[in-house]
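Chain residues, written in single-letter form:
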Amino acid sequence: MTRISLRVNSVDHDIEVEPRHSLADALRDRCGLTGTHLGCEHGVCGACTVLVGDEPVRACLMFAVQADGRAVRTVEGLDDDGAFNALQQAFHEQHALQCGYCTPGMLMLATWLVERGTPVSDDELREVMSSNLCRCTGYRNILRAVRSVLDGAGS
Amino acid sequence: MTVIGKSVPRLEDRALLTGMGRFAGDRNFDGQLHMRVVRSTVAHGRIVSVDTGAAAAMPGVHAVWTGADVADIPPIDLRPGSALQDLEKCRQHILVQEIVRYVGDPVAAVFADDPHRAEDAAELVWAEIEELPPVVGLMDPPGEFAPGVSTEPAVFEKGYGDVDAAFAAAAHIVECELSVGRHAGVPLETRGALAIWNDAEARLEFHAAAKIPHTNRIALAALLGLELDQLHLFEGHVGGGFGVRGEIYPDEVLVNLAAMHFRRPVKWIEDRMEHLVAANHSREQTHRIRAAVDADGLVRAIDDEFWFNQGAYARTHGATVPTVSATMLPGPYKVPAYRAKGHIRLTNVTPAGTYRGPGRYETSFVREGLLDRIAAELGLDPLDVRRVNLVAPDEMPYERPFEVGGKPIQYDSGDYPKSLQRFLDHIGYDALRRDMAARREAGEMAGAAVICFLELGGDGPFDDVRVEMAADGAVEVVTGVASVGQGAETVIAQVCAETLGIDYAGITVTHGQTDRIERGQGARASRVTVMTGNATHKAALGVRAILLETAAGLLQTAAEELEISGGTIRVAAAPEGGPSVTVADAAAETLRASSGDRIAVEETFENDRATYSFGAQMAAVSVDPRTAGVTVERFAVAYDIGRAVNPMLVEGQLVGGAVQGIGGALLEEFLYDEAGQPLSVTFADYLMPTAMEVPDVECLVLEEAPSTTNPLGLKSGGDPGITGAGAAIAAAIGEAIGRPGSVARLPVSPMRLREILTGPA
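Protein chains in written order, with numbering that gives the first Met the number 0: chain A, 0 to 154; chain B, 0 to 760.
Just so you know, these hints were derived from the structure itself, not from any lab.
Just to be clear, a hint being listed does not mean it is correct.
[Stated by the list, open to error] Pair ranges (Cβ atoms, derived):
(1) R751/B to A85/A: 41 to 47 Å
(2) W111/A to V148/B: 53 to 59 Å
(3) K5/B to L60/A: 41 to 47 Å
(4) R115/A to R633/B: 29 to 35 Å
[Stated by the list, open to error] Covered stretches of chain B, going by a simulated chain A footprint (3 or more residues, C-beta under 8 Å):
(5) 176 to 188
(6) 233 to 239
(7) 473 to 486
(8) 648 to 661
[Unchecked claim] With the Cβ distance kept under 8 Å, some of the chain B side facing chain A (calculated, not the full set):
(9) L15
(10) D270
(11) F682
Glycine is no exception: its CB is placed at the ideal position from the N, C-alpha and C atoms.
Using the sequences and the accompanying hints, generate a full structural model.
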């Protein structure tokens with residue numbers, strides 16, 4: 000076991016992990032934050048996407064020890080005391096989720112895109128969001144939801 | 000106020016958007032053991048020995064089971080009514096007893112105090128297996144699969160009319176061979192199970208149940224030797240269903256058995272590679288089909304023979320996929336004489352079950368491919384061939400005289416030609432075809448096509464719903480239905496709110512909890528909105544009558560004079576501001592008078608007829624002749640749902656289904672080598688569509704023909720998006736490359752398309 004410290008959604012977690020534990024394992028099993036989902040554990044589906052130091056990361060491919068001392072943001076940190084943020088609200092209104100399993104990863108990837116603060120073309124939006132798989136929605140409403148927030152943020 | 004027909008946002012979303020979902024992997028119980036399944040690495044072989052010594056000696060390992068430890072548990076049964084001929088002889092044991100029959104067949108189960116240690120120990124279980132020659136070819140001549148079991152355990156025929164006479168008199172006969180590859184639902188959450196033995200209640204509790212909790216309760220209790228009241232199932236959040244999740248597999252039985260045996264909670268979460276080799280596959284079938292056709296393309300008869308790859312065992316769905324294939328192949332067309340002969344084949348690959356749109360995705364591709372061949376061979380416009388064959392509105396209800404479950408199939412309602420025309424107008428079909436023709440003239444490979452399909456759903460035979468109202472007016476709808484992410488809670492709440500005249504957002508919908516309601520049919524066969532919706536309507540009408548009676552006393556008027564709107568009961572004819580009472584006050588008064596704590600009305604909605612609905616799909620594609628890669632430029636779906644409770648959610652189903660179907664048409668396939676080794680075991684080789692492979696799917700939700708099978712006029716909405724997607728992509732590719740009807744196999748991988756492009760015209 001190795002002791003590491005993660006700052007997750009502005010809360011410090013001093014936890015013990017095995018060297019082989021992924022960041023997703025640490026978040027889910029040690030920090031009790033189960034919103035980060037595992038869909039493939041080989042880095043393809045993107046359901047486990049979180050932000051590490053403001054960059055999107057597949058939490059299944061990063062060892063927990065590699066994240067020692069880093070700031071991590073997960074889906075649990077998006078809302079403001081229960082009030083949806085703009086992306087959550089857009090996903091809700093645009094019906095951009097069905098089973099909800101890919102949703103945390105989609106939200107965190109989109110968070111990165113929105114916070115980047117540079118203009119995003121429709122082609123670029125599609126390409127960025129294509130790094131995560133969704134099996135329910137057919138993507139259309141996810142793209143619409145993210146686009147609406149990008150447009151709002153830019154205005 | 001009316002909320003049926005409104006695109007209101009979902010009640011389900013809050014937990015899922017804030018990371019508060021409770022999926023199988025998110026649940027834990029103190030003292031739980033973690034199970035890891037050891038699976039066969041060969042496709043066919045005899046177990047000589049299984050050495051568990053090293054695994055059992057590892058720290059943290061509680062037990063290792065092999066087939067001998069569970070020999071008294073019978074093989075997993077087929078669902079009642081789904082067996083056929085020798086299929087029951089092909090059931091699967093929860094751990095292999097002697098012969099492994101596919102890569103993935105469960106050989107042993109390890110139980111440890113940590114999931115990682117369970118996986119470590121599983122790697123030390125050594126199964127010595129004497130390899131036997133595998134059966135891998137669907138079309139190989141029949142032989143012995145197991146002692147006393149043929150590779151062809153069942154052959155059946157479905158049909159009606161004088162097929163032979165029609166062919167003898169035919170102006171033209173068109174024939175072809177068409178195949179659909181092996182693919183599956185592949186939800187993003189893998190399977191999982193969590194069982195605990197509750198000593199205080201002397202009962203077993205299976206958490207993370209899905210799809211059909213009540214049905215599985217009965218089946219599991221029988222397998223485990225429990226009385227029904229010793230077992231309860233509890234559904235949590237479910238990360239996608241698509242037919243594959245929520246069936247009884249060996250793994251779920253092992254978890255429950257272990258929890259009973261060890262008297263400790265046992266948890267199992269499947270990994271992705273396991274899912275791709277252990278959960279049901281579907282689809283794979285080959286059809287040799289011919290049609291007797293008039294000069295104008297009118298089909299006088301269809302004669303079809305097909306082979307379905309069941310894999311190594313019969314699973315819970317039994318013969319469901321091949322029988323639905325046989326009965327739904329004629330689709331929305333007249334086809335006055337029809338014969339289908341289905342061969343169910345066993346091979347040494349992962350067993351098959353249902354996948355969204357079972358039997359319809361496959362046969363829509365086959366039927367529409369046949370129509371494209373007819374158009375090509377007779378020099379007709381492919382849409383004209385469809386139009387001349389569509390069932391006419393004055394033929395409704397249209398009876399197809401073969402029996403399914405003892406009754407002829409009856410298409411309840413629809414104006415198929417009108418719906419098709421509305422779709423063509425909506426997508427600008429004529430202009431699109433002209434554009435595509437011009438691009439082909441200019442040397443591009445580009446084309447568009449429209450295909451038709453028929454959907455069925457709303458499967459009975461019953462659903463129970465109990466609507467309860469507390470003294471503060473809070474409403475809970477308790478159902479035996481399940482949620483697989485489709486929005487069941489929202490739709491049921493909308494129906495209840497409409498009937499009671501209250502806000503849908505305050506209604507709690509409880510589902511998938513077997514201790515809350517005695518019976519249930521779950522979420523299968525595109526049935527929830529139709530069956531549970533109507534049962535909810537019935538039960539809510541009962542609560543409404545009670546409230547109105549109380550209010551009639553309070554307002555000194557007759558109950559018939561009253562209406563409920565916006566949570567307030569008032570005299571319908573009175574002007575605004577007249578005497579009124581809130582629903583909450585009427586509930587409180589009712590309960591005060593009866594000394595109860597909840598008004599509760601339970602009702603059953605029964606229906607022995609499915610709903611049938613028309614749909615059409617359009618694909619526009621271009622092909623890169625150098626790479627044989629296909630770009631889907633546009634994709635559109637039209638579907639007559641009769642009456643849409645929530646059009647936004649209907650569109651969500653259509654779009655999501657269409658994209659899954661495009662995956663099966665272009666990308667997704669479980670491939671095997673000659674030794675029966677699976678080649679599609681990661682998401683890098685089982686390719687599902689990303690946002691880059693699909694356009695924004697366009698939808699036309701029609702409400703032309705409400706169903707005549709139920710009071711609300713509802714039709715099914717879960718499957719139609721996927722049903723015609725393979726057919727549409729294949730037809731559009733045929734147009735694009737100037738060889739209509741040439742796509743004979745799905746998925747159309749670049750390699751297969753290149754063979755078509757370089758092959759004989």
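Which constraints among the numbered hints does this structure fail? Numbers only, ascending. Every hint satisfied by this model.
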